[in-house]
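Protein chains in written order, with this note's numbering: chain A, 1 to 328; chain B, 1 to 328; chain C, 1 to 328.
No lab work stands behind these hints: they were computed from the structure.
Quick caveat, the model's predicted, so the values are computed rather than measured.
Hints may be right or wrong, so weigh each one.
Identical copies go unnamed one by one, so any copy, or any two together, can satisfy a pair.
[Claimed, not checked] Subject to a maximum C-alpha distance of 35 angstroms in a straight line, what follows is the list of computed DSBU-like cross-link-like pairs (lysine-lysine):
#	residue 1	residue 2
1	K106	K168
2	K168	K143
3	K281	K106
4	K281	K143
5	K253	K226
6	K253	K281
7	K253	K143
8	K177	K106
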Amino acid sequence: VGASRRVARDATRDATYASGLATLESCVEAEQFDRAMMEELFDVADAMERVRPGAPESTMLQGYLMSTLFYEPSTRTRLSFEAAMGRLGGGIVSTESAGEYSSAAKGETLEDTMRTVEGYADIVVLRHFTAGSARRAANAIGKPLINAGDGPGQHPTQALLDVYTIRKEIGRLDDFKIALVGDLANGRTVRSLASALTQFNNVKFYFVAPDVVKMKDDIKDLLTSKGIEWEEATDLAAVAADVDVLYQTRIQKERFANPEDYAKASGKYIVDRTIMDALPKSSVVMHPLPRVDEIVVDVDDDPRAGYFRQAQNGLFIRMALLKVLLRV
Amino acid sequence: VGASRRVARDATRDATYASGLATLESCVEAEQFDRAMMEELFDVADAMERVRPGAPESTMLQGYLMSTLFYEPSTRTRLSFEAAMGRLGGGIVSTESAGEYSSAAKGETLEDTMRTVEGYADIVVLRHFTAGSARRAANAIGKPLINAGDGPGQHPTQALLDVYTIRKEIGRLDDFKIALVGDLANGRTVRSLASALTQFNNVKFYFVAPDVVKMKDDIKDLLTSKGIEWEEATDLAAVAADVDVLYQTRIQKERFANPEDYAKASGKYIVDRTIMDALPKSSVVMHPLPRVDEIVVDVDDDPRAGYFRQAQNGLFIRMALLKVLLRV
Amino acid sequence: VGASRRVARDATRDATYASGLATLESCVEAEQFDRAMMEELFDVADAMERVRPGAPESTMLQGYLMSTLFYEPSTRTRLSFEAAMGRLGGGIVSTESAGEYSSAAKGETLEDTMRTVEGYADIVVLRHFTAGSARRAANAIGKPLINAGDGPGQHPTQALLDVYTIRKEIGRLDDFKIALVGDLANGRTVRSLASALTQFNNVKFYFVAPDVVKMKDDIKDLLTSKGIEWEEATDLAAVAADVDVLYQTRIQKERFANPEDYAKASGKYIVDRTIMDALPKSSVVMHPLPRVDEIVVDVDDDPRAGYFRQAQNGLFIRMALLKVLLRV
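The following block holds chain A by itself, in its conformation from the complex (with noise of 0.2 angstroms):
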């Protein structure tokens, strides 16, 4: 029964990869939503961000419990996927510590790990530490899965949330320019937004970052297969003054063998009132937070800096994911 069922979702899921959200059935990848998807999901998390305390749609997924399974802590990320759920009167079963879940220290593979919870809960939310274990996890079980992070792999609702973030402060999603900043060579999630803004028409990208960090061929080549205008850049402040968007992110300590080079990257290119006063008035400023001090405390008043809206957009998304998931 199990195998004939599973074999069964396979075949749909292949089907379904970017053909709807009315079909979808996991979200394991950002590669699964074409445009009209993300914009079918963002309508949905409009509509999310509009859902008060105490209004029918507040229990919405009052009786489905989700099990939010993370093998490596991710506080932010797992209050993120439990405030979704909870906002809409769902219950939560939650491990932080799932890699010292007894049942794996003991030799217990994921694919049984996730067979189990499956018995307990209606949607899976899995953190792991191995690129592919989401896809594996996914295959494994006949419920919804969300990916909230797989290692170096993916972790969609990064993406999404980005996507939606650019989406609701400009307006469109078409027709703008976008400035990513800082580590742009390991950062996941601007190689991830990168990727997922090739969907969209008349984008153009201008990358900004120390010389060490530079964005990487595979995302230029992409670009440039696809059409898309793009140019490195160094001086901030001129860059600042041409887009509609500027993402800024934080350069990674841990990737530096030497102190002082650390120092000499993460200082090169700071978010301050001068880089806000070259910035067009009806822009925003991005970051995936956590912040250290590549963007200055004196901006966060300013209304174009949409980080901490961005963060609670993560909200809207992943209730967004929970309702077409489950189908409610």
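Given chain A, put chains B and C in place with the hints provided.
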């Protein structure tokens, strides 16, 4: 007030030991459940299986709170209990590190901790590393308690879910044959199951274990004293051909001083395609999980592979116990 | 937008300091509560005690989310807050290891963390190891915050539940005598309680402490400056015979360099049968818990042993605060 209430409660407790579900106050030892109580509980569990998200039954325990107080981590057990409460709309306050619970570290007794926690919750689920803790804890409070395992002591919900699984899978609890396979010396699960099954008629046991972890005399003597047939066997395929239930268990590495002894013991009795071919059509393979390689993965898709359904039955049994103990 | 909103909020906050529950924005310091506000809060707490599972009041906070953000573990306090939210039907997103919160580890400020979390939840409960953190956190966000202890700083809900317990147990907050016993030098609890009780009339204090942990001059001076009677005493039985409230505390081992000094101090003032015989019939024994052996277990069944009821009053006070701060 507290004292007289507790004295009265203890008196009642003795009186209700095996006197029916309606007066059951706590679930501490498997021996509290006679055959009639088990059957009654299993009927409730059957109803629990039909509770659907959004249906009125799914909010049966709305407003009730369960405290899961775990002095040692057991994520699988904790998630199962929390899912059971969540499926019925109840709330959860949970800790997986009660051992480091600041109060315990400061010298607070288990009884004091329990009396504090009973002030917050309607029912307590306790996991402890010391045998007898669950009884002490249940005696300290005026609210129901469920023992989720107290060290080498009891883990009554495991025994109940095992018996329940047999009833569901083969349709009866009398007149059947069961093989207990693997580590029969140390496995709390198989020992409890054997003990629980003495309440039913015409059950025959086969014990199939490597020499170093054979079933101990106490269980054999118990069966003999009750006139229950049992035998030790070494040919798993031959036994498989004759049973209704094949209950496989994991050989625990940590029981062996010598890695070669472990390898020899753990490799001796594997459930694979050959064993499945020998097994009758209407039988079931059970395993308390986690499984390492004592059941090969190929077997998972066989309809008789019941171990993931068995894990899920734990959910229904725990839902049933919560309903019964909270008198809802 | 964020900035102007926060500026407006801060102005309001100053204006509401001790100006009535209806405009209370956060619960950061015990001094925010004047006598009238305490009495009003206690009336709400009385109503909370009558909330039953399944009754309409038990879903009062349905759809609301509380985030418990603990930078150090305090399981008892966390469970009490989460039970309070759960008893009113609210949802919880919780972390007990916010100190290792990956974002904090990466250099995120407390203010940034708070602004992210306020995007998820309707109310935040913060436990931190640094005095003043709760005020900083409350100022950073536009949603209510409850201080669940900030290091050597404040723990206002403990002070409130202590005063509430006195009102419930002896029926009044004026015209009574209280003995504070044990570690009066380091105990945050007794110091806060003494300070809070200065708002009531005709309260007399006895301080009964081993020499090394005597009540400090600041509290004595405060009482004297307000014309409040206090005296130091060494004969616990004699004091017991004269008081309405005997508030015992634990002598903390870690305060003593020398184990013999600790043994001598901790054994000096024990509440036992003899002390209970001296204590008037209508009085109450309180203790903030956990208790080691400064109150003998024999005494627990005496109707005047109020410490477990006191712990439960913490639940009612926290339910009341949640209701008040969420304006439901």
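Status of the hints after comparison with the structure:
1. K106 x K168: The answer is between: 28 angstroms across copies meets 35 angstroms, while 47 angstroms in one copy does not.
2. K168 x K143: both (31 angstroms within a copy, 23 angstroms between copies)
3. K281 x K106: So K281 and K106 pass the 35 angstroms test across copies only (31 angstroms; inside, 57 angstroms).
4. K281 x K143: between (45 angstroms within a copy, 28 angstroms between copies)
5. K253 x K226: Within. Shortest intra-copy distance 34 angstroms satisfies the 35 angstroms Cα cut-off; inter-copy 55 angstroms does not.
6. K253 x K281: within (33 angstroms within a copy, 61 angstroms between copies)
7. K253 x K143: Answer is between: at 33 angstroms across copies they meet the 35 angstroms cutoff, but 39 angstroms inside does not.
8. K177 x K106: Classified as between: cross-chain Cα gap 30 angstroms, same-chain 51 angstroms, threshold 35 angstroms.
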